[in-house]
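Listed below are the residues making up each chain.
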Amino acid sequence: MSYERPKLVKTFVDINYMLKEAPRKQHFITGAQAMAEAVKRANVDMAIAYPITPQSEVMHLVADAFHQGHVKEYYRAEEELGTMSAIAGASRAGVRLFTATSGPGLLRGLEAIVSWSGHRVPAVLGILTRVVNAPLSIQPDNIEMAYMMHCGAVMLHAENQQDTFDMTLAAFAIAEKVDVYIPVAVATEGFFVTHAKGYVNMTSDELALTPFDAIAAPVPAMDNETPPARIQRDAPVQKSNFMSYLIHAVWQQEIWDCNKRAMKYVYEYLGGPIEVQNPEADVFVVASGCAAAQAREAHRTSRELGLSVGLIKVRAIRPFPVDEIRATVKNAKALIVPEHNIIGWLAQEVKAAIPNGGIVVGGPRVYGGMTLPVELIMKEIHTALGLEFNLKL
Amino acid sequence: MEARKRYNIRISGLGGQGVVTTAHILGSTMDNAGKYASLVPFFGSEKRMAPVEAYVRASSEPIYEVGEVVYPDIIMIYHSQVITHGKSYTMPFYTGLKPDSLIIINTDRNVLEEDDIQVLKDLNAKVVQFDATDLAVKVAGTELATNMAMMGMLLGLTELVTTENIEKAVKERFLGTSFISSGGTAALDSAIEKKFKKKEELLQKNMDVINKTFEMANSVDLSGSELIVQLAPNL
Numbered sequence: 000m001s002y003e004r005p006k007l008v009k010t011f012v013d014i015n016y017m018l019k020e021a022p023r024k025q026h027f028i029t030g031a032q033a034m035a036e037a038v039k040r041a042n043v044d045m046a047i048a049y050p051i052t053p054q055s056e057v058m059h060l061v062a063d064a065f066h067q068g069h070v071k072e073y074y075r076a077e078e079e080l081g082t083m084s085a086i087a088g089a090s091r092a093g094v095r096l097f098t099a100t101s102g103p104g105l106l107r108g109l110e111a112i113v114s115w116s117g118h119r120v121p122a123v124l125g126i127l128t129r130v131v132n133a134p135l136s137i138q139p140d141n142i143e144m145a146y147m148m149h150c151g152a153v154m155l156h157a158e159n160q161q162d163t164f165d166m167t168l169a170a171f172a173i174a175e176k177v178d179v180y181i182p183v184a185v186a187t188e189g190f191f192v193t194h195a196k197g198y199v200n201m202t203s204d205e206l207a208l209t210p211f212d213a214i215a216a217p218v219p220a221m222d223n224e225t226p227p228a229r230i231q232r233d234a235p236v237q238k239s240n241f242m243s244y245l246i247h248a249v250w251q252q253e254i255w256d257c258n259k260r261a262m263k264y265v266y267e268y269l270g271g272p273i274e275v276q277n278p279e280a281d282v283f284v285v286a287s288g289c290a291a292a293q294a295r296e297a298h299r300t301s302r303e304l305g306l307s308v309g310l311i312k313v314r315a316i317r318p319f320p321v322d323e324i325r326a327t328v329k330n331a332k333a334l335i336v337p338e339h340n341i342i343g344w345l346a347q348e349v350k351a352a353i354p355n356g357g358i359v360v361g362g363p364r365v366y367g368g369m370t371l372p373v374e375l376i377m378k379e380i381h382t383a384l385g386l387e388f389n390l391k392l
Numbered sequence: 000m001e002a003r004k005r006y007n008i009r010i011s012g013l014g015g016q017g018v019v020t021t022a023h024i025l026g027s028t029m030d031n032a033g034k035y036a037s038l039v040p041f042f043g044s045e046k047r048m049a050p051v052e053a054y055v056r057a058s059s060e061p062i063y064e065v066g067e068v069v070y071p072d073i074i075m076i077y078h079s080q081v082i083t084h085g086k087s088y089t090m091p092f093y094t095g096l097k098p099d100s101l102i103i104i105n106t107d108r109n110v111l112e113e114d115d116i117q118v119l120k121d122l123n124a125k126v127v128q129f130d131a132t133d134l135a136v137k138v139a140g141t142e143l144a145t146n147m148a149m150m151g152m153l154l155g156l157t158e159l160v161t162t163e164n165i166e167k168a169v170k171e172r173f174l175g176t177s178f179i180s181s182g183g184t185a186a187l188d189s190a191i192e193k194k195f196k197k198k199e200e201l202l203q204k205n206m207d208v209i210n211k212t213f214e215m216a217n218s219v220d221l222s223g224s225e226l227i228v229q230l231a232p233n234l
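So the protein lines, in turn, are chains A and B.
Residues in the first sequence are numbered from 0 upward in steps of one, following numbering that gives the first Met the number 0.
Residues in the second sequence are numbered from 0 upward in steps of one, following numbering that gives the first Met the number 0.
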């Protein structure tokens, strides 16, 4: 059965025009739609995925986009290890790639994903969060992000549907920079963002990012007419111990330097790795992803009550904004870090970023995917300020 | 209760009573009034008589937070079994209720136990009990309009929007073609439509129910000291 996909004629624009200048129209759409709409405008050469709730909504819509002619190639892989390995293989042809997964799918694909940075695969990976531990559940706990934090990939965390759209577009541009050229993950909470509708200002889908430039890439595309006998020449495993140590060590250093160099593009395209409200505050709520939406609500409520409370929304988890956070909170008395996971990976990062980690209140935390009530954040704010807060359950 | 900038509303009922539909219409009503609302998708079993909970946030300013309403300002109970048989995802049904808040229960008699009454008195809550199903049957000729009676009472008591805002939202819901809250609900809608024969007639009946509850809400004085206000349909 063959289907003639329409050949779309699009106007190619650079990322700065797409994100900052192109006219936008407001739509009321789900986070899954927002991610797929960004993919439509990103001139993606190939999307590969294996379905898992809640990611399946995104990749279903990307498959629709393929059918409509927005994406050049698309296929459903066998499972996630196959998906993520295929992404690495496809990137050797010098093309723009997108995939997405959730919780257990991310962990199944992780062996391949963590090798992307070292293989210099500039793919964009959507992470639509979902619990990973037994017992089986599909709810939006974001613990899987902790497993992603040490593989060299750039990681962005979207607060809402609008962030999901903008960050996904920016991710392609950041990944493909010659001085970055590593994968970029865009995470957001399953269901809370993926399946709920919010207002998103979107550019026209007649615009598309300029095509992937394989000539400009720091890693040459493979000539598939005459494929090399060995893809990886001079692998450390074939060398002496000492050469092996050296090659692997410099390689890792280079990947993490790439990760650091991504920061200037996080500034250029997304306005920086953190958003700060009320910088003079005594107490800050520091949050990322949809916990930042709850924190924003708590911040507004606190200001209405006349409390000295600020908000730090963390947009970039990797590279982590160590200097930015340290500078912002140098006079703060307490930092409250609400999270959607039990280990508190963001609280750990914030503690490690500042000289006085004792001011970090690790929580409130909810896990198993449950709602993070604003009232729990308000309780911590009151406690930090030495005030009573009567929270009845 | 005094007027608030924000109402976080939890609606508990049984499958088939139009709990989720009410949430959607409430959202559109706020939108029509130039205000803000957000709904929380509910992932449970969609079947008749199964417990259903829906959550709506309604506000005069943008809403950032997401997720189920754990600490509601208003609780709506569509069926007394939510309380008497414990058919609710949130037990007891008033869990998390904020002080000075409002509860609306569809019942023809008091369904609160002594223990519940004490807790709710301590919270300085107001409980409005009325027979929404009976009202729906008498005014619209079908108990399927129970949700309209409950929504009308809520909006009548809180004065969040005008009846014009509501009418537009109800029109969108029943005359529009773009809305499907779920496959099961869509099928139910067509059953309702057959019952009423004409959509316009359906709309009018729904609005009659809402107007009646607005009248009833106007006659209610919530400033008194008593916890429970029991309304008679008085038809």
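None of these hints come from the bench; they were simulated from the model.
Be aware that one or more of the hints could be misleading.
Okay, the calculated beta carbon distance ranges per label pair [claimed, not checked]:
1) B:Val228 / A:Ala21: 53 to 61 Å
2) A:Thr382 / B:Asp220: 17 to 25 Å
3) B:Arg5 / A:Ala21: 50 to 58 Å
4) B:Leu221 / A:Gly305: 38 to 46 Å
5) A:Ile137 / B:Lys34: 42 to 50 Å
6) A:Arg229 / B:Tyr35: 15 to 23 Å
7) A:Arg23 / B:Val228: 45 to 53 Å
Beta carbons are placed, not taken as given, at the ideal position from N, Cα and C, and that holds for glycine.
A quick look at each hint next to the structure:
no.: 1; hint: B:Val228 / A:Ala21: 53 to 61 Å; in the structure: holds, 55 Å
no.: 2; hint: A:Thr382 / B:Asp220: 17 to 25 Å; in the structure: violated, 39 Å
no.: 3; hint: B:Arg5 / A:Ala21: 50 to 58 Å; in the structure: violated, 34 Å
no.: 4; hint: B:Leu221 / A:Gly305: 38 to 46 Å; in the structure: violated, 29 Å
no.: 5; hint: A:Ile137 / B:Lys34: 42 to 50 Å; in the structure: violated, 33 Å
no.: 6; hint: A:Arg229 / B:Tyr35: 15 to 23 Å; in the structure: violated, 60 Å
no.: 7; hint: A:Arg23 / B:Val228: 45 to 53 Å; in the structure: holds, 49 Å
Checked against the numbered hints given earlier, this structure breaks hints 2, 3, 4, 5, 6; the rest are met.
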